[in-house]
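Novice: Sequence:
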Amino acid sequence: MAYTTRPADNEAIANLPGDIRAVTDLVTGHIEAALAAHEAKAVSYGSTNVEEALDTAAGHQANQNNPHGVTAAQAGAVALGDAVATVTANKVVRRDENGRMAGDITGNAATATKLQMARNINGVAFDGTGNINITAAANGGNAATVGGYTAAQLMTGGIVAASLAQNGYVKFRNGLIIQWGKGVLPATSITNTSSNINFPIKFPNIAVHVSGVATNAAHPKGGGTWAVSPKNVTNQKFMAFCDNNGAGYNFTLTVGFNWLAIGY
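The opening residue of the sequence shown carries number 1 in the UniProt record's numbering; numbering runs sequentially from there.
Derived from the structure by calculation, the hints contain no laboratory data.
Any given hint could turn out to be false.
[Said to hold, decoys possible] Derived pair list, reagent style BS3-like, types lysine-lysine, alpha-carbon separation capped at 30 Å:
{"#": "1", "residue 1": "K237", "residue 2": "K202"}
{"#": "2", "residue 1": "K202", "residue 2": "K182"}
{"#": "3", "residue 1": "K182", "residue 2": "K171"}
{"#": "4", "residue 1": "K171", "residue 2": "K231"}
{"#": "5", "residue 1": "K182", "residue 2": "K114"}
Using the sequences plus the hints, can you model the full thing?
Specialist: In structure tokens form, the structure reads like this:
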């Protein structure tokens with residue numbers, strides 16, 4: 001029900017029939033709304049009345065075109081043109097119309113110091129906190145060196161050089177050298193025969209053992225084969241010598257022999 005500021009008027013309105021009072025209330029409501037709008041226009045805020053100020057504020061709120069030219073730097077933001085549509089390293093990604101970001105998120109953790117779950121690498125535990133050493137045994141392979149010897153040297157008994165020829169040698173890592181060869185003692189028609197033999201390589205220090213044995217001729221009067229003896233041994237050569245050992249015959253035939261020398 002509408003009332004006025006005068007009690008007499010209010011009492012008169014209250015005594016009106018119901019339908020007239022309803023009409024009176026409706027009219028009074030419209031009048032009050034019109035007065036409020038008029039008062040808003042009449043109240044000033046600076047040089048603009050309240051209604052205009054409210055309209056301006058509402059317009060700015062709805063305007064997305066940045067009418068005042070506020071920059072991204074001023075707002076502490078990234079310009080829309082600098083943002084990318086898909087995930088890219090060191091770039092700001094803008095969301096699509098569904099509020100989602102497109103692309104796979106991958107990369108390295110800048111501050112991670114330990115794996116969330118440790119892993120075994122060829123049986124060696126690894127959690128990212130330190131380096132690990134994969135041994136040859138763990139890797140299912142052969143050791144490259146053992147005690148300073150290479151795998152190739154160990155597989156060949158420590159041999160560092162060799163010549164597997166008729167007159168050859170084998171040189172070991174520790175300096176030991178074994179040499180061998182074949183020779184022929186000439187027919188001299190006298191009671192002895194000899195031949196100088198050069199080693200395939202020079203012993204750096206000394207030949208400590210040289211021996212020989214005949215290969216093709218038996219003692220002409222029986223009793224075994226020739227005995228070949230080394231003489232005048234140096235680190236480069238020796239003389240193979242054979243005599244009749246008092247048997248009373250001359251060397252009318254050549255005598256073949258093999259020889260073996262050991263030194264270092």
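Novice: Compare the structure with each hint and give your call.
Specialist: Now the hints, each set against the structure:
At most 30 Å may separate the alpha-carbon atoms for a hinted pair to count; K237 and K202 meet this at roughly 8 Å. The straight-line distance between the Cα atoms of K202 and K182 is roughly 17 Å, inside the 30 Å bound, and the hint therefore holds. Restraint check for K182 and K171: satisfied, since their Cα atoms lie roughly 19 Å apart, inside the 30 Å limit. For the suggested pair K171 and K231, the alpha carbons sit about 24 Å apart, so the restraint of at most 30 Å is met.
A distance of roughly 70 Å separates the Cα atoms of K182 and K114; the hinted pair therefore is violated under the 30 Å criterion.
Of the numbered hints stated above, the single one contradicted by the structure is hint 5.
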